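Fit chain to chain and form the complex, with the hints in mind.
Listed in order, the protein sequences are those of chains A and B. If you want the working numbering, it's the 1-based position in the first sequence plus 497. If you want the working numbering, it's the 1-based position in the second sequence plus 15.
Just so you know, the hints here were simulated from the structure itself, not pulled from any lab data. None of the hints are false.
Taking beta-carbon pairs under 10 Å as the criterion, some of the chain A residues facing chain B (in silico):
| no. | residue |
| --- | --- |
| 1 | M1099 |
| 2 | T1106 |
| 3 | Q1107 |
| 4 | A1123 |
| 5 | Y1128 |
| 6 | V1133 |
| 7 | T1139 |
Predicted model only: the values in this text are computed from it and were never measured. Think of the CB as a built atom: it goes at the ideal place given N, C-alpha and C, for glycine as much as any other residue.
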Amino acid sequence: MDITLPILILAIPITMFLILGIGGVKMSKKMAGVLGILGLGTTAVLAYIVALTYYFSGDPLFIVDGVRQQYQVFDVTWLAFTQSLVVNIGFLLDPISALMLIVITTISFMVHLYSWGYMEGEQGFQRYYAFLSLFTFSMLGLVVATNIFQMYIFWELVGVSSYLLIGFYYKLPSAVSASKKAFIVTRFADLGFLIGILILSYYTDTFNFVDMTSNPDGVLLSTGGATFMGASVLTWAMVLIFTGGMGKSAMMPLHIWLPDAMEGPTPVSALIHAATMVVAGVYLVARMFPVYCTVDAAMTFICVVGAITAFYAAVVACAQIDIKRILAFSTISQIAFMMVSLGVAYDKPIEGVHYSGLGYMAGMFHLFTHAMFKALLFLGAGALIHAVHSNNYTAMGGLRKYMPITHITFLFGCLAIAGIWPFSGFFSKDEMLAAMFARHWFWGAWMTMVAGLTAFYMFRMYFLVFWWKENPHYKEHKPHDAPWQMSLPLIILAIVSLCAGWIPFGEFVTWNGEPYHIHIELSVAVTSICIAVCAIALAGVMYAKENPLPAKVKSFWPTLWEAAHRRFYWDEIYMFITHKIIFGIICKSIAWFDRHVIDATMDGFAKITQKTSYAIRGMQSGEIQAYVAWYIAGAVVLAAITWLCLI
Amino acid sequence: MDYSQFGSMIPELIVLGIFMVVFLFDTFSGEKGKKILTPMATILFLLGTIAIWIVPASGEEIFGGMYVNNTATNAIKAILNVGVFIVLLQSAKWVQSDEVAIRKGEFYELLLVTLFGMYLMVSARHFLLFIIGLESASLPLAAMVAFNKRHYESHEAAIKYIMTAVFSSAILLTGLSFVYAFSGGSLYFSDIAVNINRGEMSGLLLAALAFVIAGIGFKLSLVPFHLWTADVYEGAPTAVTSYLSVVSKGAAAFAFFIIFVQCFGSVYSDAWEWMMYAVIILTITVGNLFAIRQKNMKRFMAFSSISQAGYIMLGAIAADGLGLASMMFYIFVYVVSNLGAFAVISTIEDNTGKLSMDDYNGLHKTNPKLSFLMTLAMFSLAGIPPFAGFFSKILIFTSVTGTGSWALYMLVLIALINTIISLYYYLLVVKAMWISPDEPKIGNFESGRCQRVSLVLCGAGIIFFGLVPYIYQYCYDAVMNSSDIIASIMVFVFR
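Excised from the complex, chain B in its bound form (with noise of 0.2 Å):
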C-alpha cells in the first residue's frame, strides 16, 4: 500500500494532529497545565481552520476511488470548520464551570473526533467509509449530549440519542444490503451508479432508498425521522446543542447530495427526488408547526433548525450544481445565524441560567446588545432582507425553480408559506425582546470575552454575507471546480 496517499487528506491530518495534541497535552499536563488548554485548543483550531481555508484541494481520489479531496468538499469542510471555531468561543465560558472543567479536554477531544467523522463522510466515495464516518460522527456525540453529567435531562438526552442513531444505522445499512446485492458486489459510488441504474426499477431498491433517506434523515433529523431532536437538543449542554444543530447537519447534508446524486442519479432519480419532495414538504411544515408552541429556548430552536434543515435539503432536490452551490451557501449562513441565535442564548443561560422565551421580555431594557444581535439572528433565520438568511433563501429557491418544473415550483410555493408561518415565531422571540411591556427578568451582566468574540462574528456574518458576494462565489466557483461532481451532476442532468 502506498502510504504516500494519506498526504492527500490534509484537512482530515489536521484536525487528527490538532486532536492529538490536544489529548497528549490533556493527559500529560499538570492542573496548572490545563489551564491554558482551552486558549490552546481554540487557537490551533482557527490555525488550522485558516489552514484549510488556504491550502488548494488536491483533487485526488485516494485508496482506489474511496476518499476524495476535491475544492467542493475542501470548501464545506471549511465552512464546518468556521462553525466548529463559533462553538468553540462559546463554549469557553461554559468549559470553565466547576461540573466541566476537570473534564474539559474530553470534551474537544470529542468534539474534533466527531468532526474528524464529519469530514470521512464528506470526502467518502465508498459506503464503507461513509458508515466508518458517520458512525465516528454519531457515538462521540452520544457522550458529548450527556456532559452535563449531573443533570438527570443530559442522561436521558443521551440515552434517547444514542438508542436512536443506533437504531437509524441498523436501517441504514439494511438499506445498503439491498444495494449491495444490486451493484455487483462493490461499494463504490461509482460501481453502485453504472449497476442499478441499468435494468429496470426494482421494488427492493425502492426500499433501499428510503432506508438510505431514513439513515442520513435521522442526522439530519428530517420528519419523521426527527423525533429525539427537540429532546436530545433541551437535555444536552447549550454548547453541543448548537453544535448538532449546525456542524452535524451541514455535514449530513452535503453527504446526502453527493450519494444521491452520484450513486442512484439516474434510473431512480425520479423515485427519491419524489421520496424527499413529501419529506421536505413534512419537515418544513411540521418543523415549524411545532416551534410556534415552544416555550423553551431550546426546544424552540430545535424546531426552528427542523425546518430549516427542509430548506437546506431544497438544494439537494435541485441536484446540479447550483444546488448543491446554493446549498453551501444556505448551511455557512445557517451556521452563522443559528449560532448567532444560539450564541445570545448560551450566554444567558451561562450567566443567569434563564431559558424560557418569558424570561426574554423585555430583555432590551438591560441587555441591549444581546437584544439586537438576536433580532439580526432571528430576521436573518425568517429570510428577512436585507441580512443574509434572505439571500440564502433566495439563492436556493432560484437554484429550485430553475429546472421549470411545475412541481417544484409548488413546493417553493410551499416553502414560502411556510416562511411565512416561521416569521410568525421568529418575531414572538423579537417581540418579547423589545415590545413585551414586562419588567426584564434578566439582570445586566458582563459577558465572557470569547462570548464576546463569537457574538461579533455571527453579526458580522449575518449582516456582510448576503451583501459580499464573494461568499456565494466562493461556494460556486468551489463546486465547479470539483470535476467529479460536475461529471455526476451531467450524467443526471442529461438522462
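With the rest of the complex left out, here is chain A (with noise of 0.2 Å):
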C-alpha cells in the first residue's frame, strides 16, 4: 500500500491543530469551524479509503487464503538510544486498527459539525476545534501504532488533549479540578502501563507488536520462568500494562475521573469520554491479546475487574440526577462488558472446549456498536441540555412533544443499549453473553443481570426525560429542536445504531484474522431480550407517568440509595487517602525535612559563601605593590608545598 493516504491520515489532524492553534485568534468563528470540520471530513474520508481497501482490496498483502494479515504500513526508526533499545514510528494496519480508523473518525465526524451548533458564540470557539484535532490526531496516532512505545506517547498525548477539553470551561472550577482529577489518576495508571512496558520489553527485546502477538510462546519463553513475589514476571508485565488500561478505561477503582469529565463541553464527552478514548484500554488488551492469553492470571484479573465494575456502575448510574452522569457510568458499565468479553476470550482448548476467540470478536463489535450509539446518547444529552440548560432530568420531562426528532433519535439510542432486537446492541451484546456463558455460566448470569440494569436504568432516564410530567418553566422558555448541525448528526447515529448490527462482523474482525461465521444463540438471546423488556417495563411502570412509587421506593432503602448516588462514596476515600493519609502525614514529615534539613543547609552554604566573600575582599586591594606580592608569593607557595609533598 501506498504510504501517503497513511502519513495523511495523521498528517492532516496535526496540521490543522497547529493552524487553528496558532492562527486560530486572528480567524473568524465561522472560518475555524469550516476549517476544522473541512479537515477531519478528508481524514475521515482517506481514513475510510484505507480501512475498506484493508477489508475488501483482497490484496495479498492484507490476505491470505482468507486468514486477515497484520500489515505495517511503514515502520521507521525513531530514536535509537542504544543498540537493542530502538524505538520505531510506524503505522499498522490490523483488522483492529483499521475498524478504529473508521470509528474514530465517524464520531469524530460527527462530532466536529455537531460542535458548530452547539458550540455556537462559546468564548474560544478556536481554541476548542484546535483541541479536537489535536485529539483526533493523537487518537489515530495510538491505534496505527506498530509498537507498544509508539502507544505509550500516543496514549499520552490523548491524556493531554482529553485534559485540555475537559478543563475547556477553564473559568469553572468544577472544569478545572476534573480535568486535573482525570489527568493525574490517569497518569497514575500509566505508571504502572510504563513500568510494565519496560518489564516486558527488558524481556523480549523488542517493542513491537506484531513481534510479540505473533509469537506469545516465545515471550513466555524468552522470561525464563523469572518470578517476582510469587507470580511470574509476565504476570506482572502484563497485569501493569492493564493497570494502564484500567485508568485510561476508567475501571473500578480508577473509575472516579470519568463521571467528573462530564464537565467539558458535551460533545467532547461523546467523542473522548464514551466512544473513543475510553476505549482505549480494550483496545490494547485486544492488541497484546495472544499474550493475554498466555497467561491465565492476567485473563482471570480482567474478568473479575471487569464484573465488578459493570457491576457497580450500572447500579450507580440507577440513582443519578444528571443526565451525563448517567450516560457516564454506563460507559463505564459497558466497558466493563468488553473487558469481561475479552476476559473470557481464549484462543486454546479449556476442558476440551474450544472457544475460538469468541468473546474478542464480540468485544470488538460490542466497541463499534457502543461507540455509535453511545455518541448518539451523549449527543442526544447535548441537545436537551442545549434546550433546557440544565443537566439535571428533574429541569426536564415530558419533552417527547417539544424534540421529537431528539426524542426519536434518543429512543432509538436506548433500544439499542438495551440490547432489543433488531437494533445493534442487541447482536453485540448477544455475542458477548454468548461467550460468558460458554466460559462459566457464571460470568454468563452475572452479566446478564448488569444487562438487565442496563436497561432499567436507561429507561429510567428516558422516561423522566420525555414522560413523566411537564416542566412548568416551559411556559417562559419553550424547549425546541436543535439546528441542523446538531440534529443531522443524531439522525445519522439513529440510523447507523439501528442498522450497525447486521454487519457480519465476525467476518472482519476476529482474533487471528480467520473469519468467523455468527449465528445467534437463540437460548441466551430470548433469555436477555426477555430480561430487558421486563427491565423497559418496571422502568415504564415507574417513571411514565408521575406517580409516588419511585420516591416509595427510594424510602424503602434509604441509605442504598444515598450511598448509589454518592458513587458509594469512593471520591470520599479517594479524598481520605490523599489529603488524611498522604497530604497529612506522608508530605508533611517531608516537608519538614525539606525546610529543617535540606533549605538549611543549603542556607548555611550561602551564608558561608557570603562571609568568605566579604572576609577576603582585601586581598583585592588595588595597590599593585600588593598584587605582584601575592603573585610571586603564590608561585613560591605553590612550589614549596608541591615540593614537601612529593618529595
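Below you can see the structure in the form of C-alpha cells.
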C-alpha cells in the first residue's frame, strides 16, 4: 500500500491543530469551524479508503487464504538510544486498527459537525476546534501504533488533549478540578503501564506488536520462568500494562475521573469519554490479546475487574440525577462489559472445549456498536441540555412533544443499549453473553443481570426526560429541537445504531484473522431480551407518568439510595487517602525534612559563601605592590607545597 | 635557510597581510579614506577568518620543529578569529567616537599584532618562539588598555597591566632558565620532554613548573595571579576588555595544554597536575566569591571570567584528546557567551554610558531584546540547559571524570558546587533586568548596525552551539587529526 494516505491521515489533523492553534485568534469563528470540519472530513474520507481497502481489496498483503494479516505500512526508526533499545514509529494495519480508524473518524466528524451548532457563541471556539484536531490526531496515532512505545506516547497525548478539553471552560472551578483529576488519575495508572512496558521489553527485547503477538509463546519463553513475589514476571508485566488500560477505560478503582470529566463540553464527552479514548484500554488488551492468552492470571484479573466494575457502575447509574453522569456510568459499565468479554476469550481449548476467541470478536463488535449508540446518546443529551440549560432530569420531563427528533433518536439509542432486536446493541451483546456463558455459567449470569440493570437505568432516564410530567418552566422558555448541524449527526447515528448489527462483523474482525460466522445463540438471546423487556416495563411503570412509586422505593431503603447516589463514597475514600494520609502525614514529614534539613544546609552554604566573600575582599586592594606580592607568594608557595609533598 | 617554510604559516601570513593593508592604508590615506577603514578592516578580517576555517592545515613542522601548523592549532586560531571578529563588530561604534576616531587605525593594528602573537603562542614548539608570541601578545595590549587617553582609569589600568605583565614574564623566564639547565641546552618542547623526564624529580624543576604556571596563569588570570584583572577590566575600554577576557584567554589555555602535556608529560605530571588542581579550585572559588559582591558590570564580568578560566583549565587537567577537544569547545562557547554579555554591556555603555548593575533594573521594559540576549548569555555562562554553556560544561566535566580517579571526581564536585554559586550572581543580573520593580533607568535607544549583527551572532551561537553536534565534532576531529599532539598525549597516558 502506498504510504501517502496513511501519512496524510495523521498529518491533516495535526496540521489543523497547528493552524487553528496558532492562527485561530486571528480567524473568524465560522472560518475556524469550516476549516476544522473540512480537515476532519478529508481525514475521515482517507481513513475510510484505507480501512475499506484493507477489508475488501483482497490484496495478498492484507489477506492470505481468507486469513487477514497484520501489515505495517511503514515502520521507521525514530529514536535509537542503544543498539537494542530502538523506538520506531509506524502505521500498522490489521482488523482492529482499521475498525478503529472508521470509528474514530466517523464519531469525530459527527462531533465536529455537531459542535458547530452546540458551541456557537462560546468563547474560545477556535481553541476548541484546535483541541479536537489534536485529540483526533493523537487517537489515530494510538490505534495505528506499530509498537507499544509509540502507543504509549500517543496514549499520553490523548490524555493531554482530554485534559485540555475537559478543562475547556477554564473559568469554572469544577471544570478545572475535573480536568486535573482526570489527568492525575490516568497518569497515575500510566505509571503502571510504563513499568509494564519496561518489564516486557526488557525480556522480549522488542517493542513491536507484530513480533510479540505473532509469537506469544516466544514472549513467555523469553522471560525464562523468572518470578517476582510469587507471580511470573510476565503476569506482572501484563497486569501492569492492563493498569494503564484500567486508568484510561475507567475500571474500578480508577474510574473516579470519568463522571467528573462530564464537566467538559458535551460533544467532547461524546467523542472522548464515550466512544474513543475510554475504549483505549479495551483496544490495548485486544492489541496484546495473544500475549494475554498465555497468562491465565492476567485474564482472570481482567474478568474480575470488569465484572465488578460493570455491576457497580450499573447500580450507581440508577441513582444519578445528572443525565450526563448517568451516561458516564453507563459508559463505564459497558466498557467493563467489553473487558469481561475479552477476559473470557481464550484461543486455546479449556477442558476440551475450544472457544475460538468468540469473546474477542464480540468485545470488538460491542466496541463498535457502543461507540455509535453511546455517541448518539451523548449528542442527544447535549441537545437536551442545549434546550433546557440544565444537566439534571429534574429540569426536564415531557420533552417528547417539544423535541421530536431528539426524542426519536434518543429512543433508538436507548433501545440499542438495552439490547432490543433489531438494534445493533442486541447483536453485539448477544455475542458477548454467549461467549461468557460458554466460558462459565457464572460470568454469563452475572453479566445478564448487569444487562438487565442497563435496560432499567437507561429507560428510567428516558422516561424521566421525555415522559413524567412537563416542567413548568417550559411556559417561559419553550424548548425546541436543535439546529440542523446538531440534528443531522443525531439522525445519522440513529440510523447507524439501528443497522450496524446486521454487519457480518465476524468476517472482518477476529483475534486471528480467520473469519468467524456469527450465529445467534437463541437461548441466550431470548433470555436477555426477556430480561431487558421486563426491565423496560418496570421503568415504564415507575417513571412513565408522575406517581409516588419512585419516592416509595427510595424511602424503602434510603441508605442504599444515598450510597448509590454518592457513588458508594469512592471520591470520599480517595479524598481521605490523599488529603489525610498522603498530604497530612507523609507529605508533612517530608516537608519538615525539606525545610529544616535540606534548606537549612543550603542556607548555611549561602551564609558561608557570603561571609568568606566579605572576608577576602581585602585581597583586591587596588595597590599594585600588593598584587605583585601575592603573585610571587603564590608561585613560591605552590612550588614549596609541591616540593614538600612529593620529595 | 629555506624561505619556502614560511609558506606553511598560512594563518599568520593572513593576519600579517591584513595588518599590512590596514597599516599602509591608515598611514597613507587622507581624511576621507579613513572613513572606510572600519568596514574595510572588518570585512578583510571576516574574509581572513573564513580563509582560516577553509584552508586545510599543512600539518608540517617547520624551522626545525619550532613551529607547527596542524588541524588543532588551525581550529583554535579559527575560534579566536571568530572572537576577534565579534569584538571588531562591537567596537565599530566606539572607534567612531570623537576621542578615538583619529587613532582608530592604531586600534586595529595593535589588535592584529596581539592576535599574531597569540597565533605564535599556539603554534610554538620552542620556548623562544613561545616567549616572542607571549610578549607580542602582552605588550601591545597595554597600549590598547590605555586607549582612552583622557581617562584616568584607563592609565591606571594600563600601568597595572604592564607592571604585572613584565613581572610575570620575569617569573616565567626564571622558570624556563631552570628548565634550560635540565634540558641539556635545548628549548625545544620535544627535547625537554626527553631530557627532563629521565631521572629523579628535582626541586628546582618543581619551582620551574610553579613559575611557568604563574607566568601563563597571568594571561589566564588564574588565582592568585589574577589580581590585576578586575582593575584592568574596569579601566580599559569595553572593547578591549571583551578582547582580553576571551581571545587572550583562549590562546593561553591552549598553549598551556600543549606545553604541559608535551614538555612535562611523564615524570612531572603528578606535580603539575596537583598544582593545577589547587589553582583551579582557588580560581573557580575565589572568582565566584568576588563576583557575588560586584556592582559594576565590567568588574562583575572580570570575576566571572576568572571563574570561567578555572573551568577551561579543567580540560588541561584531563590532559587527553577528549580534554583538549572539550577545552576548545568550551573556549568557543565561552567566546560567544561572554562576548554576548559584553555586546550588551558595550551597547548600553556606548549609548547611555551606564555601567552599574543597578542601572539595569527594569531593563526589559525599555529594551526587551537586549534583556533577552543578556539573559541568554547569563544562562549560558551559568550552564543552564539547553544553551551552549550547559553542553560545554557537561563535556568538560565528562572529560575530567573519564580518567576515573577519585581526586578528579572531587574536583568536578567542587566545580559543580561553584556552578551553583555562579548561578546566584548570574541570576542577579537577570533578576535586575526582568523582576526588579524599579522604573528603568536606561531609556529606549537604537543600537548600531554592527552591534546588532554581533548581538545576533552571539545569540545564535548560544542557542545553536549546544544543539548542533557539528561544532564539538569539529573540535574533536581537529584534535584527533593532529598527529604530534596525539603522540604526546599517548606518551602521557601510558606513562
